[in-house]
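Asker: Line by line, the protein sequences are chains V and A.
Sequential numbering from 1 applies to the first sequence in the numbering used here.
Sequential numbering from 161 applies to the second sequence in the numbering used here.
Source of the hints: derived by calculation from the structure; they are not laboratory data.
Check each hint, because a few of them may be wrong.
Cut-off 25 Å, straight-line C-alpha distance, at most; resulting in silico cross-link-like pairs (PhoX-like, lysine-lysine) [said to hold, decoys possible]:
#, chain 1, residue 1, chain 2, residue 2
1, V, K114, A, K305
2, A, K305, V, K145
3, A, K305, V, K47
4, V, K2, V, K145
Number of protein chains: 2
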Amino acid sequence: MKQRYFEDLKIGDRFQSNAYLVTQDGILAFAREFDPQVFHLDPASAKETMFEGLVASGWHTAAISMRLFVRTMHVLGGIIGLGVDELRWPNPVRPDDVLTVETEIVDLRASRSKPSYGIVRLRNITKNQRDEIVQTMLASALVPKHSYKDIVSQLPMKHK
Amino acid sequence: MKQRYFEDLKIGDRFQSNAYLVTQDGILAFAREFDPQVFHLDPASAKETMFEGLVASGWHTAAISMRLFVRTMHVLGGIIGLGVDELRWPNPVRPDDVLTVETEIVDLRASRSKPSYGIVRLRNITKNQRDEIVQTMLASALVPKHSYKDIVSQLPMKHK
Chain V
1 MKQRYFEDLK IGDRFQSNAY LVTQDGILAF AREFDPQVFH LDPASAKETM FEGLVASGWH
61 TAAISMRLFV RTMHVLGGII GLGVDELRWP NPVRPDDVLT VETEIVDLRA SRSKPSYGIV
121 RLRNITKNQR DEIVQTMLAS ALVPKHSYKD IVSQLPMKHK
Chain A
161 MKQRYFEDLK IGDRFQSNAY LVTQDGILAF AREFDPQVFH LDPASAKETM FEGLVASGWH
221 TAAISMRLFV RTMHVLGGII GLGVDELRWP NPVRPDDVLT VETEIVDLRA SRSKPSYGIV
281 RLRNITKNQR DEIVQTMLAS ALVPKHSYKD IVSQLPMKHK
C-alpha cells in the first residue's frame with residue numbers, strides 16, 4: 001500500500017482499520033506484565049467483580065488500538081505521538097472480542113519547531129464486533145511531510 | 161502491605177512507586193506487538209530518525225506506569241480506570257532507563273451510580289533515573305469503599 005505523508009491528509013478524512021481478535025491468553029499476558037488486577041488476571045475471580053468476567057486492561061485496548069491505527073495510516077517515517085486527551089473506555093473488552101479503529105482527521109497544522117513535520121489532530125474510536133464503543137480518544141501527532149522522504153529513503157524499513 | 165480503600169485516601173496524598181528497568185528487549189517486544197514503527201523496532205534504523213536511537217512506544221511507557229501505579233496503591237478489589245486526560249510524553253524512554261511513578265490525589269468524590277465505590281481523580285508523573293519527566297497524565301478511577309471488603313473478602317487474590 002502507498003505510504004502517506006502529511007500533505008496527503010485532509011480535515012474530515014476518515015480511515016477504517018483492519019480487525020483484531022482479542023484472546024483470553026492475550027488479556028492475561030498483558031495484565032500479568034502491566035496491569036495485575038483481579039478482573040484482568042483471573043477468569044474465575046473476575047466473575048465476582050463488577051465486570052462479571054474477565055476484561056482487558058484499558059491500556060491493552062489502547063495498545064491494540066495503536067497497532068490498528070499505525071497499520072491503517074501507513075505513514076513513512078512514523079507517527080510520533082505528542083499527547084492524548086479524553087481517553088475513555090465506555091465498555092469493557094472481553095475475550096474473543098474483535099476490535100476495529102475508526103480514525104477521523106480533526107485538524108492539521110504546520111510544526112514551527114520541526115519544519116519537516118506537520119501536526120495532526122485526530123479522533124480514534126475503537127469498536128467491538130457488536131459496534132459498541134470500547135475506547136475513544138483525541139490525539140496529536142507529528143507526521144512527516146513529503147519533503148522528509150528524501151531524508152529517510154535510504155533507511156532499511158525492517159518493520160514491514 | 162496493608163490494602164487501601166477509598167476512605168484511606170486524602171486530597172493531596174502523594175505516593176512514590178518502586179523502580180522499573182526498561183530493557184531493549186522489552187521495548188522491541190512491545191513495539192512488535194502494538195506499535196510497529198521504525199524508532200521503536202530497530203536500533204540501527206532508529207539512529208537515523210528524529211529520536212537518534214531506539215525509544216519506547218508512549219503506550220509502553222503508559223503500560224509500565226500502570227504497573228508501577230497498581231503495585232504502589234494496593235487497592236483491594238482493584239482500581240477501575242474511567243478515563244485519562246492530558247496524557248503527554250515530554251521526553252523519550254530509552255533502553256536501560258529506570259522509571260518511577262509519583263501519584264498525587266487531586267480530588268475525591270462519591271459515585272452516585274455505584275455506592276460501594278468512590279471516584280478518585282489523580283495525577284501520575286513518570287520520571288527516569290535523571291529525574292526527567294517522561295510521562296504525565298490526569299486520570300479518574302473507581303476505588304472500592306471499605307464496605308466493599310465484605311463482598312470480596314472470599315476472593316482468591318491470585319494476582320499477588
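Asker: Can you give the numbers of the hints that this structure goes against, from lowest to highest?
Answerer: The structure breaks hints 1 and 2; every other hint is satisfied.
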